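A.B. asks: Sequence:
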Amino acid sequence: MEYDYLVIAGYFALMVAISLLFKKMASNSTSDYFRGGGKMLWWMVGATAFMTQFSAWTFTGAAGKAFNDGFAVLAVFVGNMVAYVFAYFYFARRFRQMRVDTPTEGVKRRFGNTNEQFFTWVIIPLSVINAGVWLNG
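Here the sequence shown stands for residues -7 to 129, where the numbers follow this note's numbering.
Label-pair restraints from in silico Cβ distances:
no.: 1; residue 1: Thr40; residue 2: Val70; range: 19 to 25 Å
no.: 2; residue 1: Val74; residue 2: Leu12; range: 39 to 45 Å
no.: 3; residue 1: Gly29; residue 2: Tyr82; range: 21 to 27 Å
no.: 4; residue 1: Tyr82; residue 2: Phe46; range: 21 to 27 Å
no.: 5; residue 1: Thr40; residue 2: Phe111; range: 19 to 25 Å
no.: 6; residue 1: Val(-1); residue 2: Arg86; range: 40 to 46 Å
no.: 7; residue 1: Phe4; residue 2: Gly62; range: 39 to 45 Å
no.: 8; residue 1: Tyr82; residue 2: Val125; range: 22 to 28 Å
no.: 9; residue 1: Tyr(-3); residue 2: Pro95; range: 35 to 41 Å
no.: 10; residue 1: Gly53; residue 2: Pro117; range: 22 to 28 Å
These aren't lab readings, by the way, just hints derived from the structure by calculation.
Bear in mind the structure is a predicted one, so any value in this text is a computation, not a measurement.
In this text, a Cβ means the ideal position worked out from N, Cα and C, and glycines have one as well.
My request is simple: use the sequences and hints to build the entire structure.
C.D. replies: Structure representation (structure tokens):
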């Protein structure tokens, strides 16, 4: 049991050390973080955003689910594909016109600070529930 805590403490110490080491390379701009400061090619930004949706479950859990249930598991991935295409055609142009990098920035710019705060505080517990569903699934 003590080794578990030692590994966790070592991991956090390593993360702090890496962050301090690379702090000088970081910027204070969300545009630099999310879009490479607008200097990255559009397809590279899109591929990066797409790949963030993959997790260990995609390659392990989905394979087991496909083995047990057959091709029905493809409905999840086809649904994701349809959602990505819809989001591209519906949201991408609007985000570009508003010059925002995140949905929260879009809510703030369009509806004000109060709605941004409401949106943020509602998303936090929903994200915890979502993570629990993912872990349970």
